[in-house]
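From first to last, the protein sequence lines are chains F and G.
In terms of my numbering, the first sequence opens at residue 94 and continues consecutively.
In terms of my numbering, the second sequence opens at residue 1411 and continues consecutively.
Calculated directly from the structure, the hints in this document are not laboratory data.
The model shown is predicted, which means the values in this text are computed figures rather than measured ones.
Accuracy of the hints is not assured; some may be wrong.
Stretch-level coverage of chain G by chain F, calculated; a stretch enters the list once three of its residues show a Cβ under 8 Å from a Cβ in chain F [unchecked claim]:
hint: 1; region: 1436-1444
hint: 2; region: 1475-1485
hint: 3; region: 1488-1497
Straight line, CA to CA, 35 Å or less: simulated DSBU-like cross-link-like pairs of lysine-lysine [as the list claims (entries may be wrong)]:
hint: 4; chain 1: G; residue 1: LYS1493; chain 2: F; residue 2: LYS417
hint: 5; chain 1: F; residue 1: LYS377; chain 2: G; residue 2: LYS1490
hint: 6; chain 1: F; residue 1: LYS288; chain 2: G; residue 2: LYS1493
hint: 7; chain 1: F; residue 1: LYS150; chain 2: F; residue 2: LYS377
hint: 8; chain 1: F; residue 1: LYS151; chain 2: G; residue 2: LYS1443
hint: 9; chain 1: G; residue 1: LYS1493; chain 2: F; residue 2: LYS287
hint: 10; chain 1: F; residue 1: LYS134; chain 2: F; residue 2: LYS151
hint: 11; chain 1: F; residue 1: LYS287; chain 2: G; residue 2: LYS1490
hint: 12; chain 1: G; residue 1: LYS1443; chain 2: F; residue 2: LYS193
hint: 13; chain 1: F; residue 1: LYS200; chain 2: G; residue 2: LYS1493
hint: 14; chain 1: F; residue 1: LYS288; chain 2: G; residue 2: LYS1443
hint: 15; chain 1: F; residue 1: LYS288; chain 2: G; residue 2: LYS1438
Ideal placement from N, C-alpha and C gives every residue a C-beta, glycine not left out.
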Amino acid sequence: MKTALLLLSLLMLALVTANAQDSTQTELDTKILSDAPGNTKFMLTGAAWFGFEANQKKDVQVNFNSYGFSPIFLWKLSDKLFFESEIEIDNGEMELEFAKLSYSLNKYMTIGAGRMLSPFGAYGERWEPVFIEKFPNSPIRARSDYLPGSTHLNWGAIMGIDVRGNIPLGSAKMNYVLFVSNGPTLDNGSEDPKKGGIIDYENLDDNNTNKEIGGRIGFLPFSNSSLEIGLSGRHGIAGNQNDPLYSNIAATSYAIDLSYVESIELISSNIGIKGQFNALTVDKASYPVPGDTTGLMYSFDNTMQNYFVQVSVSPAMLSNHFLKNLELLFRYNSLTPPKDAVWGAKDASGKGGSITRADIGLCYWLSWRVGLRFAYEMSSYPDGTKVNEILGRFVMGF
Amino acid sequence: MKKLIITLIAIIFIVAVMALINSCATSKDVAEKSGSELWGENCGRCHNSPSPSDFSDTQWEIIGNHMKLRANFSDEEVNKMVKFLQSGN
């Protein structure tokens, strides 16, 4: 009997201990799981596209010349930590577009670091992604299509740190981004005098210790957020710190962006208006004269402006399934490079001027993220050259 | 260094402004907006509005974080929109 009681006591003790261990193990498992990588929330999204251009004046009049795939990786590491990255493969060339880690400091402020889309203006961060851009082409930008180099002013990546958030203002709202980045680099023309004075804001490896400071303030005056007006600015030294002629040369830019959406029942349509104006000023400096071997230098007023204005009409309130998925678009673009620089578009007398382009577009939405886009673009150059092209693009967001 | 000091001052200024205006905060009509209202008003400003059934609950949570950063939405706006979109599944 004594032995039976002892065995029963041992069994009960074992059960209690086992139960306690189970509870401890469960708590431990829960803790481990909450911290384990397997608990991280991950999502793969992005876009793919395929396009063509048609131009009667070109040797190849119709050309399927555009394809790409850009997966975006999103990781929610915790309620406060978030990582996002995009790899773009555009016409066979692969590039890491951005890779940024963000930490939510409080409900009004998030700090981020890494390679990020430039928060200067609204186009680069918000409207450029290929399944969002309703045209098969981009607005005129200050890049290698029109200049001997790309400035990455309207769109591109920066390396640095940003702080961003949202501020309630009664019925209105305000949002902000402040950033510190490597800043621009200045081409001094030593390797190719035809590029002297060109700025590139996509600076992944800085040429000076000075860091660029910039930001954007967005103001949404209406309670339905239909209108947003953004003001952006950035300033930083662009010259190489080891080059005494250019070590103090700074670049300053500002931008104004606007977006407005409205549903108009009278025409059963949604209308959208978007636009952005950018201006860039580089401090006065002298650059080598192309073709000269005697060391002759020249200087010019290194300022540049470009803008676009876009209007879209979508009869989304019609009952006809085909018509309600159509969207009509118009966009006017302009780029004015420095008039007296050796680079940039020139007229017959060698004087610089503006490149303008009007785009008439048609978009058909197969679903909210899959669309066919067509555009007739009409470009005019200062020398009187006119180029007309038809463009098409099939885009799928996923 | 000077620029960094200016940046820090700018950040402190923003925080001070936020603290100041937070006292008036969001108006009642805006604060009472539902997730579906916010979804209808905000998504379409840049792109077509997706259907709630397009993504899983977890995916909506991740997309909420992504859009909070991309469009600078507030926590309240994102939480309401995510809950509305998750309710469609």
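Hint check results:
no.	hint	verdict
1	1436-1444	holds (count 4)
2	1475-1485	holds (count 10)
3	1488-1497	violated (count 0)
4	LYS1493/G - LYS417/F	holds, 28 Å
5	LYS377/F - LYS1490/G	violated, 51 Å
6	LYS288/F - LYS1493/G	violated, 52 Å
7	LYS150/F - LYS377/F	violated, 40 Å
8	LYS151/F - LYS1443/G	violated, 54 Å
9	LYS1493/G - LYS287/F	violated, 56 Å
10	LYS134/F - LYS151/F	violated, 49 Å
11	LYS287/F - LYS1490/G	violated, 54 Å
12	LYS1443/G - LYS193/F	holds, 31 Å
13	LYS200/F - LYS1493/G	holds, 17 Å
14	LYS288/F - LYS1443/G	violated, 53 Å
15	LYS288/F - LYS1438/G	violated, 56 Å
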